[in-house]
Each structure stands twice: as C-alpha cells, then as structure tokens.
Amino acid sequence: MSDNEALFKYTLRLGDTSLILAQRLCEWTGHGPFLEEDLALTNIALDIFGRGKSMLEYAAKLEGKGRTEDDLAFFRNDREYFNALITEQPNGDYAKTIIRQALIDCFDLLFYTELAKSKDVTLSGIAQKSIKEITYHKRHSFSWVNRFGNGTEESLTRLQNGLNDIWSYTGELFEMTEVDTLLIKKGIAVDLSVLKPLWEKEINQLLVKANLVLPESLYMHSGSRNGLHSEHLSYILAEMQSIPRMHPTAKW
Amino acid sequence: MGVINFEELFEAKLAKNEMIEPKDWMPDNYRKHLIRQISQHAHSEIVGMLPEGNWITRAPSLRSKLVLLAKVQDEGGHGLYLYTAAESLGTSRDEMLDALHTGKAKYSSIFNYPTLTWADVGAVGWLVDGAAIMNQVMLQRTSYGPYARAMVRICKEESFHQRQGYELMTHLAFGTPAQKEMAQDALNRWWYPTLMMFGPPDVESPNSENAIKWRIKRETNDQLRQRFVNQSMPQIDYLGLTVPDPNLKWNEEKQGFDFSEPNWAEFKNVIKGNGPCNKERLASRNKSHNEGAWVREAAMAFAKKQNENYQAA
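Read top to bottom, the protein sequences are chains A and B.
In terms of the working numbering, the first sequence opens at residue 1 and continues consecutively.
In terms of the working numbering, the second sequence opens at residue 1001 and continues consecutively.
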C-alpha cells in the first residue's frame, strides 16, 4: 500500500465516523426532551458534520480521481463505509444517546489532541479546530451522564441500560490496521494503543461518579475497519443517499 | 397631591413612540394580546422546526445539510427568545407549552402543510420565511420592548433563511428537468398557503384595530399581502417558474399586481384542525415532550440534590 493510499483510507475512516455519528444525532433535531437540549444537540451535530465534511473533502483530494466529498458521502455502499460501529447504533432514548456520546467524546478529545500533532498539515489543521469543539461536547455529555446517574431512579436505570447496549462497540475504536501502522511510522497517524489506558481511566472515573457498572460480558464487536457493519448502516445510507441516487446528474 | 393616571402615562408613551417595558403599567388587554401573539409566534417557530426538520437526514449534499440543520436550529433559538419575552409578561413556559400541546394555543397554520420533496425546503425558506419577514419587520419597532428586541435578531436570521431558500430554488430551477419540475410543483403547492399567512382580508380581521393602535402591528393584512406579491413576482420570473394563478397580472394604475384571493374556506378549515398535518404536528410535539419528561425530572432532581449538598456544606 502506498503512503497516499493509506492516508486516503485513514482520512475516509475519520470522515465516515463523523458523518454517520452526526447523521444519527440530527435525528433528534426538533424532537429533543426540551428546547435548550434540542439546540445543544443540534449544535453538536453541526460541529461533527462540519468535521466530517472537511475530512471527506480531504479524502476526495487524496484519492485524486475527481470525486468530491458529496460523491464519497452519497455514492458509496455500506461495504465501502468505514465509520466505527458505535456511531451507527440507533439513538434509543436520551440516556443511550448521551452515554454513547460521552464514550465517543472522551475518545475524540484524546484522539484529536494527538492528531493535532500530526505531520500531515491538513489533518493537524482539522484536528486543532476540532479540539475546541470536542472539549465543549465532552463537557455537555459528561455533565448529563452525571446528572442522569445522580438524578432519579429512572434516569439511572435508563443510563445503565444505554451503557449495556453500547459498551460492546467501544473496543473497536482502538483497533489498528496496517494503515495505522504505516502512518504511525510516518508521524501522521495516532497510536491508539497509547490512548486506550487514558480513555479507560477517564471513563471508569465517570462511571463511578454516575453510579454505573460495566456490563458483565466484555465481548467487543468488530468489523468496520473492513467495511463490515451492523444492519443499521444500510438503512442510514438508504435515507441519507436517496435524493442524489434518484438524481445522479443533478447539482444541489 | 395629584393622582397618577397610569393609563394616560401608557398612552403618552405610545404616542411618543417609546417602548413599554416589563415593569411598566399596561392595560390588561394589551398584556393579554401580547401574551397571545408572542406565545403563538414562539409556538410557530417550534412547530416550524418539524416540516423542514423532516428533510435534514435526506439533504442531498453535505453543504445543504449543514445549512438546513443550522436553519432549523435558528428557528428553535427564535422560539427560545420569544418564550422568554412572553414570560416577561407574567406567563410561564410550562403554561405556554401546555396550551400548545393540548391544542388550545394556535401556531402559524402554514406548518400544517406537508413538505413533500426537497424543493419544499427551498419554497419554505424563500416564500414562507419571506412572508414571515414581511410581517415581522414592523415588529422590530413594536411597542413592547422585549418583543421588539427579540425581533431585531430574528429578522436578521430570517433574511438569511430567505436567501438560502431562494438559493436552493435557483439550483433546482436551473438544474435538470426533474429538478425544475420539482421546483414548479413546490411553488404551486406553497403559493396560496403563503398568501394566507398574512391573515384574512382586512374587512374580516377582528384583531387588527387594537394591534395597530398599540403599535403591535403597523400595516394591514391586505397591504402586506400586496407587497409580498409585488416583491415575489420578479424573483419567480428570474427562476423561470410560474404562479398557479391565471388572474395574476400587472396593474399599471395601482402599480402592483392583481391576483386571486386564496381559498379562505381552506384557510378556516386548516385553522380548525383539518389541515393535512395538524394532527401529526401536534402528536409529534406531544411525543417529544412526553418522552422528555423523565429527562426534565432527572435534571430537577439532580439540581435539588446539588443545592442540598451545597447548603449542607
């Protein structure tokens, strides 16, 4: 694999992960539990879409086949998508959305803080902009985890159920392939094995604070690095891609 | 010692074009009129998030998705300022939301029409927000201070939305034949409902007289409707689209367009609850609110515990 090909795949993975997460989050727009939260979650979705768009723009440029970020977003099938499995899981109730977000925000802040030091200036630039946004997202999701964990019996139960549902998708966030190995050597990619203990420590502290316990089964799902997804992704794509697929020559 | 006549002071302020502020004395019917109008306006913003929000997950490009998402978020923000402005008159968010959710309070009827294609997102931004701006520009100088100040910000954002809506229509009108057809179809469906947004003809408008006296309104329904048609026609011509009205023509004498009246029987029917989406909109608002109840309760319980810990410390 050439360096450029590796960089394309790496950037695509980051773009897809942001895009699909934001696509899930914006399902809440207009339907939040109260107006202030509706606005907050929409704002977070906007930031993450923005990051996804920047990543896909860069991926399209790296690929050099004349495709645009929209071609990449709207004309690839699920087997060609590389978003992390956790991002495509259904929103569930607000507790599940929040705990999923907290687990991802914690990962993202560690990840993008490292990526900001990348030798690739475009990735580093996107990462620097993202750090500010993710810091705010994490404050938001962590504070709600704490609130649900120390709110009512119902909110704690819902939060625990959400964690039980989503936990088995977190292991995959730290998986590395030959793409990572190659780019780490070049000082471009982030070594995820270094992030793992840091993430675990922070998440454990959060879980303790919110009266949560880890699910008994520690089995972790895997697949997205090879374009293997849960059943949910093709529905997300069917909805997201419907108009461009119906009008393939149209400009919007 | 002279007796202060509050009503005279209030009238004098109005006459001098001064703002009425929350702590000023005001007549009961002025307060009631404003609470009704501002809360309806807030509800319209919140319910208005639904027809456009319907297309967020299906926006056909990443850029249009970001624009639409930001737009719908703006509408939510407008709802928030307006609820706050209404609260300054002595009502509460809970009371207002309760009135909305039980169907007691009204919201703009336009949002009871469905958004059937992507072109509808453009038509809503361009025509519906355009009509809303025409109604709202005058509210920036309305007599009640908090409302007027909220409207300054809202109008700025609405003009963005209108431009974005028109931009979207431009892509369609100059795009593929299917896109152009989609644009024309959206214009056909949204034209008359948009004209209805200015309210019934002046001869049948019961709330107008006081509203004009109190500077809550500055122009009549018919004047605004005429101005909207005059403004829209060149935009429609530029797009190469046509208005679904065989009677529409330029009238040299009045320096404005003649046009057909909307179907007022339909207007009344939609207000009564028989529009294509009245039930769905209300059901959707109720569902989100009810499903959010445990979140609000958890937040309250947490805040209470925090407060107790703080006091115990």
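The set of hints was computed from the structure by calculation and includes no laboratory data.
For every residue, glycine included, the Cβ atom is placed at its ideal position computed from N, Cα and C.
Treat each hint with caution, since some may be false.
[Unchecked claim] The list that follows gives simulated cross-link-like pairs (lysine to aspartate or glutamate, EDC-like), each with its CA atoms no further than 20 angstroms apart:
1. B:K1287 / A:E27
2. B:K1156 / A:E154
3. B:K1305 / A:D93
4. B:K1305 / A:E27
5. B:K1287 / A:E154
6. A:K61 / A:E80
7. B:K1287 / A:E80
8. A:K251 / B:E1308
9. A:K251 / B:D1185
10. A:K96 / B:E1297
11. B:K1104 / B:D1094
12. A:K251 / B:E1297
13. A:K209 / B:E1308
14. A:K96 / B:E1291
15. B:K1304 / A:E154
[What the hints assert, rightly or not] What the simulated footprint calls covered on chain A by chain B, stretch by stretch (three residues with Cβ under 8 angstroms from a Cβ of chain B suffice, anywhere in the stretch; the number is not a length):
16. 69-80
17. 161-173
18. 176-184
Check the hint pairing A:K96 with B:E1297 against an upper bound of 20 angstroms on the C-alpha distance.
holds, 17 angstroms
Satisfaction of hint between B:E1291 and A:K96, Cα-Cα up to 20 angstroms:
Holds. A:K96 to B:E1291 sits at ~13 angstroms (cutoff 20 angstroms).
Verdict on chain B covering the stretch 69-80 of chain A, criterion of 3 CB contacts below 8 angstroms:
The restraint on the stretch 69-80 of chain A holds, since 4 of its residues have a Cβ under 8 angstroms from chain B and three suffice.
Straight-line alpha-carbon gap A:K209 to B:E1308, limit 20 angstroms
holds, 18 angstroms
Counting residues of the stretch 161-173 of chain A that have a beta-carbon nearer than 8 angstroms to any beta-carbon of chain B, does the count reach 3?
violated (count 0)
Pair hint outcome, B:K1287 versus A:E27 [Cα-Cα no greater than 20 angstroms]:
Holds: B:K1287 and A:E27 sit about 14 angstroms apart, inside 20 angstroms.
Three or more residues of the stretch 176-184 of chain A near chain B by CB distance under 8 angstroms?
violated (count 0)
Check the hint pairing B:K1305 with A:E27 against an upper bound of 20 angstroms on the C-alpha distance.
Outside the cut-off at roughly 32 angstroms; violated.
Satisfaction of hint between B:E1308 and A:K251, Cα-Cα up to 20 angstroms:
Violated, because 58 angstroms separates the two Cα atoms, which is more than 20 angstroms.
Below or equal to 20 angstroms on CA atoms is what counts here, so check B:K1305 against A:D93.
violated, 24 angstroms
Taking only the CA atoms, is the gap from A:K251 to B:E1297 under or equal to 20 angstroms?
violated, 46 angstroms
Proposed proximity, A:E80 with A:K61 (alpha carbon, max 20 angstroms):
Satisfied, since the Cα-Cα distance of roughly 17 angstroms is no more than 20 angstroms.
The structure does not agree with the numbered hints 2, 3, 4, 7, 8, 12, 17 and 18 stated previously, though it agrees with the rest.
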